[in-house]
Amino acid sequence: MKVLFGGYTDHASQGLYEAFLDQQNPNPSITNLKNIIQLQRPTYFQTDGSLLFTISQNDNQAGIASYRLIGQNYVQIDAFYHPGAAPCYLALSKNKKLIYTANYHLGTLSIFQYDEQGHLQFISSCQHTGHGKLKEQDAAHPHFFNQTPQGNLVSCDLGLDRLDFYTFDGQQLKHVANYQMEAGFGTRHVRFSVDGHYMYVVGELSSKVNVIKIDETNWNFAEIDSVKTIPESYSEHNGAAAIRISNDDKFLYVTNRGHDSIAIYRILANHHLDLIQRIPVYGAFPRDFNFNSQQNLLIVANQNSNNATLYKRNQKLGTLVPIQKDFYVPEPTRVIILD
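In terms of our numbering, the sequence shown opens at residue 9 and continues consecutively.
Derived DSS-like pairs: lysine-lysine, alpha-carbon spacing no greater than 30 Å straight-line:
(1) Lys258 to Lys221
(2) Lys102 to Lys182
(3) Lys324 to Lys221
(4) Lys221 to Lys182
(5) Lys236 to Lys324
(6) Lys333 to Lys42
(7) Lys320 to Lys258
(8) Lys320 to Lys42
(9) Lys102 to Lys258
(10) Lys221 to Lys102
(11) Lys104 to Lys221
(12) Lys258 to Lys333
(13) Lys236 to Lys143
(14) Lys320 to Lys10
(15) Lys102 to Lys42
(16) Lys333 to Lys236
(17) Lys182 to Lys104
(18) Lys10 to Lys42
(19) Lys236 to Lys221
(20) Lys320 to Lys333
(21) Lys236 to Lys258
To be clear, the hints were calculated from the coordinates, so they are not data collected in a lab.
Could you put the whole structure together from the sequences, leaning on the hints where they help?
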């Protein structure tokens, strides 16, 4: 199966890369890395069938670009660029053919429409304003923008320590609610329970995961639990990054940039989190990670050490065992496994 990597292009990287994951072998491994699209800073991307949508920079402009797999090659279909910094996050609604982007540096959330060929149309955007208490929170810094379980939209703003909720009527965003985290939390990403009643929010600046009960009908919230993603004894810099939940809703995973680890929690019946493992990533500054469809394998992308690490995952226990530690990938911040 194919594995796609994207990231920064400040040093050795030429853009988007593809590798092969042999999961049928008793000893699975990643092999055959090759550059498939040359472009600047594809730090986050998503796929929809033969279409690929990615963050992109074009010299002094930035935005998103779309590609279509034709034969064995990705061909650029369209792009939408604007002055200033690129978005940091991109999500898709495949059934609605919508793209959601969050721009950390400009403080904006944007929505685009796309068609089956990959052509893009800008629809709407909104601007966040304000700041938090820490030096990293000098302005609004949205880091996530995606759908909620009930089809609303939610953003995570690192600069404001806040989650903002919106409705979208096909033309305009309407702000309907927000949830304020504690000062200095550094709200980065959020995941929802399968039933949609709980959200798990990772704080980059606080190295925490907070569990919050949510009622999207009345917009009521209640905090359930809060856990550190790093040991209490760890005093060096750390930034929590990606967060994912297993398909069975039993285990939660978070990467730590600085401590350079993946923290793994069992989700208890009361939705509290119980730490079961904290395992090294065998690299530096882990950003994104992803499972294969069976969720018996996991790959993490280590940005500063230019490598990806492959683990076997115990589906019953949720724990990880490293099986490949040194697969070279330049400057990776994003990984997708295409089954």
